[in-house]
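**Student:** So the chains spell out like this:
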Amino acid sequence: MALYGSTYAGYGFGTLVTVVIAYGILDLIVNGRWFNIAYLIETPSPYFWASMGIGLCIGLSVIGAAWGILLTGVSIVGAAVKTPRIRTKNLISIIFCEVVAIYGLIVAIVFSSKLSNAIPVSGWSREALYAGYAMFWAGLTVGMANLACGVCVGVVGSSCALADAADPQLFVKVLVIEIFGSIIGLFGLIVGLLMTGRVTPFK
Amino acid sequence: MESITFNIDNGYLDGIVRGFKSGILSISNYLNLTQCETLDDLKLQLAATDYGNFLQNEPSPLATTTITERAREKLVAEFQYIRQNAGPELAKFLDYITYSYMIDNIILLITGTLHERDTHELLERCHPLGMFDSIAALCVATNVQELFNTVLVETPIAPYFEKCLSAQDLDEMNIEIIRNTLYKAYLEDFYEYTQTLGPTTAEVMGEILKFEADRRVINITINSFGTELSKDDRAKLFPTCGRLFPDGTSRLAKADDQDQVRLAIELYSEYRKFFDQGPGTERSLEDRFFEYEVYLNKRAFLQQFHYGVFYAFLKLKEQEIRNIVWIAECIAQQQKERINDYIPIF
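Respectively, the protein sequence lines represent chains L and D.
Mapping to our numbering: the first sequence position 26 is 26, numbers consecutive.
Mapping to our numbering: the second sequence position 149 is 149, numbers consecutive.
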């Protein structure tokens, strides 16, 4: 399965590059412009950017959490066959991964409450544009941080389960490592909320 | 990147194998075993370990061969469980491990057929991990060419036979040359394969297989003193995937006695200590090789997210079975002076 993942990524990336270059050439032929980045950024409405940010936030967070639970869960199941006593204690690792998804959910809810109906009067207002861009990048920040955090907690949780099965005294010590790992997600949450702190609901 | 993708296919079996490894007998278990007076005591002591009641249905005068067979059956059952549940990459890795047993089985059957032994008796003596579908047909063929064309070309070890197709006659000496050439081809192929499985597996299995290759080089050299094996033929049997290649192997190919072997090994710090005859060290070279192999296999468990744990588990359990058999034999023959010469694992 890991093999299939890498070939899909390869195909996906190849397709993406082809599409981007094809779009660029088409734009050049039709409109006489070659990759006008400013046009690409300014033309979509702030709603697009904000919604995209919210989507990325929850989407990437959930991928991180799911990946972490996958990594930890199989190790707990495998190790618990021989040492059933580790089952309940190691659910803490799964909870740490789940918390990552909750961070993403909180941020997505907070951001979506800042969206409101607004009518562009001769172009978008400065606050609206700021709101759009801020929410996009804040959402991306929170999403990527939670992706990394979820995977990190998953790997450490897997090692925690196996170490606990071998020697019960190791559990608390490896759990401390996991706690440090889960702080990464918290950092993403804080930065995301700071970035959109000055976004007024007038949009 | 393997730490985030290894568990997708292999996480459960990694946990299972580490569970099996935690059941390997420790020094306190061995102390209890060495203090047994009879084989029935041994059976009682083993019942308290991970082995459980594996000897429950055996009739009362217990023989050491029975203990060996049952212990090996248990190991094979555990290996088959892992193999049945394995994902594609792990399945290929485990199949590679079984090829060495296949080579042993084929050589056993060829030798047995030459000496006109009974087919069923031979098949019973084959190692269960090295069985393949058409193995019984090996007893029918009479020379190597026919053997290859009818039976062996379908087995996974067919590529290894290409290197020794020139051995046409089947007397005693050439069978051993066939075995060693096959094993050389297998070891080199296995080494190349493990180097493609990600950095951790490459490092862990690389260490283990390099030592295996060097061990064979040294053993072939020492065993060929006083036989009519020419130096060129000897050099052709050395696997090339070890540390001793190319410098050490060329020197060992020209060596004539134990001292020249020692001189050739002097440059390799890991192997120098095998030849040190310090005071109070009465272990034979073979024992020291086993000890070092156990050390390398134990190290495999210190890293996570690699395939080496499966190989290391199999080899450590085999060593454990050898230890139990040694202790059982010492007890059965009432020769307890050397009972502590087993190789402790954990």
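No lab work stands behind these hints: they were computed from the structure.
All values derive from a computational prediction rather than experimental measurement.
Glycine included, each C-beta is placed from N, C-alpha and C at the ideal position.
Just so you know, not all the hints are guaranteed correct.
To be verified - Chain D is faced by these chain L residues, among others (derived, beta-carbon under 8 Å):
#1 Leu-70
#2 Ser-125
#3 Leu-129
#4 Val-155
#5 Leu-194
Unchecked claim - Simulated crosslink set (DSS-like; lysine-lysine; CA at most 30 Å straight-line):
#6 Lys-173/L / Lys-298/D
#7 Lys-210/D / Lys-74/D
#8 Lys-210/D / Lys-236/D
#9 Lys-236/D / Lys-273/D
#10 Lys-298/D / Lys-92/D
#11 Lys-43/D / Lys-231/D
#12 Lys-273/D / Lys-210/D
#13 Lys-231/D / Lys-82/L
#14 Lys-254/D / Lys-82/L
#15 Lys-254/D / Lys-236/D
#16 Lys-273/D / Lys-82/L
#17 Lys-273/D / Lys-298/D
#18 Lys-82/L / Lys-315/D
#19 Lys-43/D / Lys-92/D
#20 Lys-273/D / Lys-231/D
#21 Lys-43/D / Lys-210/D
#22 Lys-82/L / Lys-236/D
#23 Lys-74/D / Lys-92/D
#24 Lys-92/D / Lys-273/D
#25 Lys-89/L / Lys-231/D
#26 Lys-254/D / Lys-298/D
**Student:** Take the hints in turn and mark each one as holding or not.
**Tutor:** Taking the hints in turn, this is what the structure says about them:
1. Leu-70: Because about 7 Å separates Leu-70/L from the closest Cβ in chain D, which is inside the 8 Å limit, the hint holds.
2. Ser-125: violated (44 Å)
3. Leu-129: The hint is violated - Leu-129/L has no Cβ within 8 Å of chain D, the shortest such distance being about 37 Å.
4. Val-155: Hint holds; Val-155/L Cβ to chain D Cβ min 5 Å, cut 8 Å.
5. Leu-194: Not OK, violated: Leu-194/L not within 8 Å of chain D, min 29 Å.
6. Lys-173/L / Lys-298/D: holds (23 Å)
7. Lys-210/D / Lys-74/D: holds (29 Å)
8. Lys-210/D / Lys-236/D: Distance ~17 Å between Lys-210/D and Lys-236/D Cα, so the pair holds.
9. Lys-236/D / Lys-273/D: Answer holds: Lys-236/D to Lys-273/D is near 26 Å, not above 30 Å.
10. Lys-298/D / Lys-92/D: With Cα atoms ~23 Å apart, Lys-298/D and Lys-92/D stay inside 30 Å; holds.
11. Lys-43/D / Lys-231/D: violated (48 Å)
12. Lys-273/D / Lys-210/D: holds (17 Å)
13. Lys-231/D / Lys-82/L: Violated, at about 51 Å.
14. Lys-254/D / Lys-82/L: violated (51 Å)
15. Lys-254/D / Lys-236/D: holds (12 Å)
16. Lys-273/D / Lys-82/L: violated (38 Å)
17. Lys-273/D / Lys-298/D: holds (19 Å)
18. Lys-82/L / Lys-315/D: holds (20 Å)
19. Lys-43/D / Lys-92/D: Violated, because 36 Å separates the two Cα atoms, which is more than 30 Å.
20. Lys-273/D / Lys-231/D: It holds: about 26 Å lies between the C-alpha atoms, which stays within 30 Å.
21. Lys-43/D / Lys-210/D: violated (37 Å)
22. Lys-82/L / Lys-236/D: violated (46 Å)
23. Lys-74/D / Lys-92/D: holds (22 Å)
24. Lys-92/D / Lys-273/D: Measuring from Cα to Cα gives roughly 35 Å; hence the hint is violated.
25. Lys-89/L / Lys-231/D: Distance ~62 Å between Lys-89/L and Lys-231/D Cα, so the pair is violated.
26. Lys-254/D / Lys-298/D: Violated: Lys-254/D and Lys-298/D sit about 34 Å apart, past 30 Å.
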